[in-house]
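Chain by chain, the residues:
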Amino acid sequence: MKNETDVRIASQRRRQLRPFDARIEEMPLENLEKLQFRYLKKLVYQVYSFSPHYRERMKANGVHPDDITCLSDITKLPFMYKEDLRNQYPTGLVVSLPEELVRYHVSSGTTGKPTVVAYTQKDIDLWAESVARGLTSIGLGRGDVIQISYGYGLFTGGLGLHYGAERIGATVVPASVGNTEKQIELIQDLEVTAIACTPSYLMHLGEVAQAMGVSIKDDTKLKTAVVGAEPWSEEMRRRLYELYGISAYDIYGTSELSGPLFTECTAMEGFHPWGDIVYCEVLEPESHTQMPDGERGELVVTMLQKEGLPIIRYRTGDISAIHHEQCRCKRTHPRIERLSGRVDDMLIIRGINVFPSQIEHTLLGLSEVGDNFMIEVSRQGVLDALMVKVELPQGFSPDKLEDLITIKRHVERELRNSLNVAAGVELVEFGSLPRFEGKAKRVIDLRETV
Amino acid sequence: MKNNAYLIKQISIFSENKPGKLAHVAKVFQDANVNMMSFSIAEAEGFGVIRALVDKPEMAFSSLSKKGIHVAYTDVIAVRMKNQPGGLYEVAAALAEAAVNIEYSYAFAGCHQATLILRVDDIDAAIDIIQKSGAYVLKPEELLCPCE
Chain W
1 MKNETDVRIA
11 SQRRRQLRPF
21 DARIEEMPLE
31 NLEKLQFRYL
41 KKLVYQVYSF
51 SPHYRERMKA
61 NGVHPDDITC
71 LSDITKLPFM
81 YKEDLRNQYP
91 TGLVVSLPEE
101 LVRYHVSSGT
111 TGKPTVVAYT
121 QKDIDLWAES
131 VARGLTSIGL
141 GRGDVIQISY
151 GYGLFTGGLG
161 LHYGAERIGA
171 TVVPASVGNT
181 EKQIELIQDL
191 EVTAIACTPS
201 YLMHLGEVAQ
211 AMGVSIKDDT
221 KLKTAVVGAE
231 PWSEEMRRRL
241 YELYGISAYD
251 IYGTSELSGP
261 LFTECTAMEG
271 FHPWGDIVYC
281 EVLEPESHTQ
291 MPDGERGELV
301 VTMLQKEGLP
311 IIRYRTGDIS
321 AIHHEQCRCK
331 RTHPRIERLS
341 GRVDDMLIIR
351 GINVFPSQIE
361 HTLLGLSEVG
371 DNFMIEVSRQ
381 GVLDALMVKV
391 ELPQGFSPDK
401 LEDLITIKRH
411 VERELRNSLN
421 VAAGVELVEF
431 GSLPRFEGKA
441 KRVIDLRETV
Chain G
451 MKNNAYLIKQ
461 ISIFSENKPG
471 KLAHVAKVFQ
481 DANVNMMSFS
491 IAEAEGFGVI
501 RALVDKPEMA
511 FSSLSKKGIH
521 VAYTDVIAVR
531 MKNQPGGLYE
541 VAAALAEAAV
551 NIEYSYAFAG
561 CHQATLILRV
571 DDIDAAIDII
581 QKSGAYVLKP
591 EELLCPCE
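Residue numbers (our numbering), protein chains in the order written: chain W, 1 to 450; chain G, 451 to 598.
Careful, some of the hints might be misleading.
Unchecked claim - As a list, the in silico BS3-like pairs of lysine-lysine whose alpha-carbon atoms are at most 30 angstroms apart:
id: 1; chain 1: W; residue 1: 400; chain 2: G; residue 2: 506
id: 2; chain 1: G; residue 1: 459; chain 2: W; residue 2: 400
id: 3; chain 1: G; residue 1: 452; chain 2: W; residue 2: 59
id: 4; chain 1: G; residue 1: 532; chain 2: G; residue 2: 468
id: 5; chain 1: W; residue 1: 441; chain 2: G; residue 2: 468
id: 6; chain 1: W; residue 1: 42; chain 2: W; residue 2: 59
id: 7; chain 1: G; residue 1: 471; chain 2: W; residue 2: 400
id: 8; chain 1: W; residue 1: 82; chain 2: W; residue 2: 42
id: 9; chain 1: G; residue 1: 589; chain 2: W; residue 2: 400
id: 10; chain 1: W; residue 1: 441; chain 2: G; residue 2: 517
id: 11; chain 1: W; residue 1: 113; chain 2: W; residue 2: 34
id: 12; chain 1: W; residue 1: 389; chain 2: G; residue 2: 468
id: 13; chain 1: G; residue 1: 532; chain 2: G; residue 2: 517
id: 14; chain 1: G; residue 1: 532; chain 2: W; residue 2: 400
id: 15; chain 1: G; residue 1: 471; chain 2: W; residue 2: 441
id: 16; chain 1: W; residue 1: 41; chain 2: W; residue 2: 76
id: 17; chain 1: W; residue 1: 113; chain 2: W; residue 2: 441
id: 18; chain 1: W; residue 1: 400; chain 2: G; residue 2: 516
id: 19; chain 1: G; residue 1: 471; chain 2: W; residue 2: 389
id: 20; chain 1: G; residue 1: 477; chain 2: W; residue 2: 389
id: 21; chain 1: G; residue 1: 516; chain 2: W; residue 2: 441
id: 22; chain 1: G; residue 1: 589; chain 2: G; residue 2: 459
id: 23; chain 1: W; residue 1: 76; chain 2: W; residue 2: 59
id: 24; chain 1: W; residue 1: 389; chain 2: G; residue 2: 506
id: 25; chain 1: W; residue 1: 122; chain 2: W; residue 2: 42
id: 26; chain 1: G; residue 1: 516; chain 2: G; residue 2: 506
id: 27; chain 1: G; residue 1: 589; chain 2: G; residue 2: 532
id: 28; chain 1: W; residue 1: 441; chain 2: W; residue 2: 400
id: 29; chain 1: G; residue 1: 477; chain 2: W; residue 2: 400
id: 30; chain 1: G; residue 1: 517; chain 2: W; residue 2: 389
It should be emphasised that the hints constitute simulated quantities derived from the structure, not laboratory data.
Kindly generate the complete structure, drawing on both the sequences and the hints.
Here is the structure:
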């Protein structure tokens, strides 16, 4: 059964909007790949010539820039890790001349040293271009008033969105974070139409507005949100629409890649990374083989035109899947799915990669069980066993065993279909599994390491 | 439903098949001063359903729900049988003949007679058939043994 929210969201998806740069965004894939190869070739020569660190890595891998003869030769190149940026702190990986740099951003190191990313003017321009295309794809442009409620400063969120929003000709309110009541006043007084912030801040903003007696839905012109920097769900998308009348779109990027870079379009079928700016691979995290379209693996990103601090085959640690078919919005560049967790969370069950987020996703789609679950992995003999404990929904009425067995079998079948590996299901009472505030720890791995 | 007076509210409780689960339910009954006249446990694949006939079904239901236990009312019928060979046959045969399906059943025996609890797919028809067969269908207030 579709309710009103679903219908409205579906009609949003069908909106046809003019792209920011149709010549690039709707370029035939074949031509795009030729362009990507040209950029890649240039990039590899550049880093080989100017980055001692990367040259050494290439030599260790037995690869020379001349070996890159087609786009798929990218797989011959060594990976870059977050570790590399940390080890080369502060500017060991910068290849341009110091005077060419126009900005530094620094990501705080929660573990160990921070990382520094350096930008030339071209890097800043392409970053803004990438964000501008994204904002355009969700219907923003001249006449929109965009409040940027990401932090400004060393963090890339605020300035990244800021430059992108100015690029499309929107009016920017650089609110940064905090002082929420003031922000709500500004949203009303300056007739703000869109906001960029984290999902948790948007919910907080809604609650504070309510306490102030302001209805975001009825008393403001806020209709669009660009929401990122934290994972958020489709359920959150529906809630934001229902509670505040806001269409929320996800945005992706990490500081190593520049900052926030890609958004979903109104089709909401994954992010649109711009192929002339980045080359995305989705790899099996252990064997590094390329995953077929639609199958999840680790997102590995090459920044094709970055000058200050080139990024080649950067292991993001984020789980996604790639899709090469043209988007409903007519854009041709390969899309990547919204993130479904981190590689660190990945489980290998009988040789098959399983992400807790897949299990969560499957369970969320089943009305006969609740949302709370735990995953237990053990070894039975030589085989791995995956057991999913899931709560019955609140207010479940038990009577016939048959009904319970039917539920259990159905959940097991659905999990098998989505994970490609058998999972046992244990139905437990509502409220009996642990609740988590912040990051949930839902996996118990009882296997002994071999 | 014309035979409302004969419907007995059974309490059905979901329980994981783990040590202490029955004790937990029994403790809730004790604290609420609810007396069980009969109960059965059906078990499968790591979980079970406890079914109980109690003197205060509403009290039992609310106390269990408050503790977050999954609980439901189920309508069942109680039939008084002679506590002697052939007692069950008469009732079961009459239902079979009328193609009424018994989903599950359990029984308890008092001092002089036995009581059969039936969960059937067509409860109204079942009451008529059993009464016609000559057996006595109990009303909720008749469940307690007269000698208690």
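Open item on the list: Holds or violated: residue 589/G and residue 400/W, Cα atoms, limit 30 angstroms.
Closed with: Answer holds: residue 589/G to residue 400/W is near 23 angstroms, not above 30 angstroms.
**OP:** Below or equal to 30 angstroms on CA atoms is what counts here, so check residue 441/W against residue 517/G.
**Re:** holds, 25 angstroms
### Proposed proximity, residue 517/G with residue 532/G (alpha carbon, max 30 angstroms)
It is violated: about 39 angstroms lies between the C-alpha atoms, which goes past 30 angstroms.
Between residue 517/G and residue 389/W, does the CA-CA distance stay at or below 30 angstroms?
Holds, at roughly 20 angstroms.
Worksheet entry | Given hint residue 441/W paired with residue 471/G - CA-CA distance at most 30 angstroms | The given pair, whose Cα atoms are some 26 angstroms apart, holds under the 30 angstroms limit.
Q | Satisfaction of hint between residue 506/G and residue 516/G, Cα-Cα up to 30 angstroms | A | holds, 16 angstroms
Query raised in the report: Does the structure keep residue 41/W and residue 76/W at a Cα separation of 30 angstroms or less?
Result: Given that 30 angstroms is the threshold and the Cα spacing comes to 13 angstroms, the pair holds.
message: Hinted pair, alpha-carbon criterion (30 angstroms max): residue 400/W, residue 506/G. Please report holds or violated.
response: Holds: residue 400/W and residue 506/G sit about 22 angstroms apart, inside 30 angstroms.
Q. Between residue 389/W and residue 468/G, does the CA-CA distance stay at or below 30 angstroms?
A. OK: residue 389/W and residue 468/G at ~14 angstroms, within 30 angstroms.
Notebook entry, point to check: Taking 30 angstroms as the top limit, are the C-alpha atoms of residue 113/W and residue 34/W close enough?
Noted result: Violated, at about 38 angstroms.
inquiry  = Would the hint linking residue 452/G and residue 59/W be met if the CA-CA limit is 30 angstroms?
reply    = The given pair, whose Cα atoms are some 89 angstroms apart, is violated under the 30 angstroms limit.
Q) Are the Cα positions of residue 389/W and residue 506/G separated by 30 angstroms at most? A) violated, 33 angstroms
Checked against the numbered hints above, the structure breaks hints 3, 4, 11, 13, 24, 28 and satisfies the rest.
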